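Line order of the protein sequences matches chains A, B and C. Taking numbering that gives the first Met the number 0, I'd label the letters of the first sequence as residues 0 to 147. Taking numbering that gives the first Met the number 0, I'd label the letters of the second sequence as residues 0 to 281. Taking numbering that gives the first Met the number 0, I'd label the letters of the third sequence as residues 0 to 636.
Simulated from the structure, these hints should not be mistaken for laboratory data. This one's a predicted model, so the numbers in the text were calculated from it and none came from an experiment. Every residue, glycine too, gets a C-beta built ideally from N, C-alpha and C. Among the clues, some could well be false.
[Claimed, not checked] According to the in silico footprint, chain C covers these stretches of chain A (three or more CB under 8 Å from chain C):
#: 1; stretch: 41-54
#: 2; stretch: 67-73
[To be verified] Calculated cross-link-like contacts (lysine to aspartate or glutamate; reagent style EDC-like; alpha-carbon spacing at most 20 Å):
#: 3; chain 1: B; residue 1: Lys53; chain 2: A; residue 2: Asp108
#: 4; chain 1: C; residue 1: Lys592; chain 2: A; residue 2: Glu63
#: 5; chain 1: C; residue 1: Lys592; chain 2: A; residue 2: Asp108
#: 6; chain 1: B; residue 1: Lys53; chain 2: A; residue 2: Glu59
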Amino acid sequence: MSYLQKSPWIIHYDASSCNGCDIEVLACLTPLYDVERFGILNTGNPKHADIFVITGGVNEINREVVKNIYEQMPHPKVVVAVGICACSGGVFKECYNISGGVATVIPVDVYVPGCAARPESIIDGIVQALKILEQKRIALKTTVEGTA
Amino acid sequence: MNPFLAAALFIILAPVVGVLITGLDRILTARMQGRVGPPVLQPWYDIRKLFQKKQVAVWGAQSFFIFCYLIFIIFTGALFFAGGDILLVIFAFTLGHVFLVLGAYVSYSPYAHIGAERELIQLMAVEPMIIIVAIGLYQVNDSFLVGDMINHPGLPILLLPGVFLGFIYILTFKLRKSPFDLATSHHAHQELVKGSTTEFSGFTLGMIELAHIYELVVMLGFIWLFFGNNLFLSAVAIVVIMVLEILVDNCTSRVRWQDAITSAWFVTLVAGAGNIFALSIM
Amino acid sequence: MELLIFLILFPLLIAGLLAVIQAEHVRRAVVISGAVLVGIASLVALAFSVTSQAVFYSVPVNNIGILVFIGDILISGYIIFVSLKARQYVVTGITVIQLILLCAVEYLALTNHAHIPELFSDQLSGIMSAIIGVIGGLICVYALGYMREYHAEHPDRPDTRPRFFGIMFLFLSAMFGIIFSNNLLWLFFFWEITTLCSYLLIRYPNTDEAIKNAFRALLFNLIGGACIPIAFLVILLTGESELIGLHELVSAGPGLALIPAGLIAVAGLAKSAQFPFSSWLVGAMVAPTPVSALLHSSTMVKAGVYIIARFAPVFEGELIGILIALIGGITFLAASAIAISQSNAKKVLAYSTIANLGLIVACCGVGTAEGLWAAILLIIFHAIAKSLLFLSVGTVEHQIHSRNIEDMSGLVTKMPRITMMILIGIAGMFLAPFGMLISKWASLHAFVESVPPFGILLVIIIAYGSGITAFFWAKWMGKLIAVGEPQQKDESHIPGSEKSILYILSALTIVVCFGFPVISWYLIEPWLLTMYQSVTELISLSNIEIMFMMLFLVLIMPFSLARFTRSATRVPRYLCGIPESETMVFTGSCGIKREIELSNYYLDTIFCEKRISRISVGIGIFLIVLILNIIIVGGGL
């Protein structure tokens, strides 16, 4: 297990969620679930983060914001879409202002469905994301070494 | 001990000690909040992870200043544990911090900028007390050399109770703990995002974390000086003070910079300056 | 030692020449060759002072004392004339009092004729002459390019450059006079010339503000200066007339010398702009920048601390010395605090000058060998770094048309070289391992042992002051290197003479940091040995090694810069996810475009200029009155 998997730092962004999933994301930090046990920290700063946890469907106004946060994260990085709205747009999919799920703006690595997604499944999603993170790290290393 | 050996030992061992202390700090904090907390080596994992990440920066020069910061903090610690002149230790320490502040300024980011200004306010708030600590220890030991201070047969703290209190007060600034974590905080979701460290990432952030760990060991080393050659008592004091700092960190909220600087200067004047003034009269 | 005569008279000759030369290229040649010759001569004087003991020299001209007296009368007459014309009657009054006192002194001095050498030179004079000759010369050369731009920028102000350069060199001549005079009557004559020259230089822009500030400078320096003839009267009435010699007076010991020394020190306090006299120095910032640099880094104010340093051995352990040291300490603390609230670069420099002079005065006031050692190092480091800062700020001002620090944001991309030099200057002012580290270290060492508990009081003042200085310098540094959007690099308009002077001064700042042990071993320590007979080890070799290690570290660090600038991927700043365009504009709520604008903290609720200066002027007046009271009571006993 590489250090990357032992210390995943998260940035959480609420695209346009009903706040249900947001509460559940925060619930993961509470004593009951205590994700800091796994070294998971909520940083609130994309430049420090490894995992981009995003809730809610993306709307027309914040498309650029989501993109900007994603671009400011240093490689290797993964995106976890939490809740059905983030996965596909959910019940808001047909709204005039919603572009759809997160995948319409940035590449998503893990989908955590649910309305709202349960803390257990969120944690599970992040653990899944750790594996992808590790693969990306190795891939990045080999490409860098390949070019050097 | 040979000064060069002591310096080398510091450079190698300080990260180990510092990581353990920081790890225990995080566990204790978690327990105070009814959580389990991370593994004790978590700070080490964090730093290693940061070293594995790719670098992003607004301007490349940012990392340069942070590199200088790390180097000078290590230099400070090495000088301290090699038994050097305590005033030089303090000045090197200030120099290191100025590099951190400059690194934060470079990016011209609003959050980092205010973080940098606040970092400077913190620097200004603690500087008098740290110099007074050095002077107080000089009055007791009749020497500015750390090497002589650690061989003091008695307990300097008995003559320097005010200086010690003042030092504990500003230690909260130095450890970046609430209520004086104005510039940057260990916890997310502050009004300044991550304050002075907002614009740093990857390797650079790793260097900052590492420097903080070296810094912690140096600051705890200062506590040692108050107990002369009594290693047992100083170890007990360090444990007690760390627990106290963590408790304060967990049960206070951040203060405004005005309160931070005026209170620090007031405590410095009343406890620290009063103490050394009294000593010089006697 | 004809060299001393040469150093005093040669700048005078140049001054006379410059006053009549109208053609610019001729003036250029004269200024450069004059500055070079003065610089070389002053370095020769420095070299002589290393090898030899104090040298005394009687001027082989009969009745030259009368000439000096006539000179005094002429100066006073001129001041009375201009002050009456400007209706500055207080100035007139003080000058008249001074003149009357001086006539009394002259009468006494003539009746009991003392034969003392008029001139002398020792290691301290050597150091001072090198500072005045080299830095003063460099500033004069810098002024060539600067003044041309100055008049291009202010076509409304009268262009009297021939007179200007004449006064600059006259000033240098008077400064050499001060540091080489043994006869205090001579010293006073040169002292008055510097006062007069500073008045003329400050009022150069000829605006209402400049004239007002020039008279304020004149007034404060005359108030201080009036103490010197009183000191002469005390000497001549109570003691031997030989004591009118500086060297003789200092070696007479505190018993005889304390009261005159205290009075002369008050004059020194006024000249070095200590509270309560400090406001003249801040007002003097209206003058063109080379004037500020000349007055406030290497000459005028250094004359004040020089004379206090001369008498420092007399003050050791005396109450008057402690009070002088306290004035210095409070000035250091208050002026530094005020500097925090200033955004005008020249005002920051002015207040930091006052603060540093305060530190020097404090070191001299305690009067121990260690204190004096720290003071002399401070004089050297401060002269170089501060002149560098003044001149580079002057250069920047002509390029960006502003003295405001806020306007210097991101200057590093526009003028990388000049910025580098400002950074070196600032680092020299407060950061380890540059000069100030050594001086701060030394002054703390000096205070902690001296005259308990007052020494500790000074230590506490320095402890607070050093945090404050770190704040205002570091935020300025931060402003210079904080780059919003890179600007077009543009350093080509800066005159070559300005650039080369700045290079020389930056190099000097660093060289002196490396060379300070040599200066200490060959100049300061031998001098202290003659003053104090025995001197303990001032700085241990291991500490010098540590300082050098830090210096090397700082100097090799920049080589790693390239590595870091290459390795990182560039991303825009974090603005809570709002995308930022290339031009520092971001889209705020409701799609409104906003520009990012950052400015420094000035903390003026806590560090309010008015309040702090009012309080410290009050304390200053109290302490000065206390000193004068002690002198009067002491004289009565």
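Quick rundown of the hints versus the structure:
1. 41-54: holds (count 3)
2. 67-73: This one holds; 5 residues, not fewer than the three required, reach chain C with a Cβ under 8 Å.
3. B:Lys53 - A:Asp108: 19 Å, holds
4. C:Lys592 - A:Glu63: 15 Å, holds
5. C:Lys592 - A:Asp108: 34 Å, violated
6. B:Lys53 - A:Glu59: 30 Å, violated
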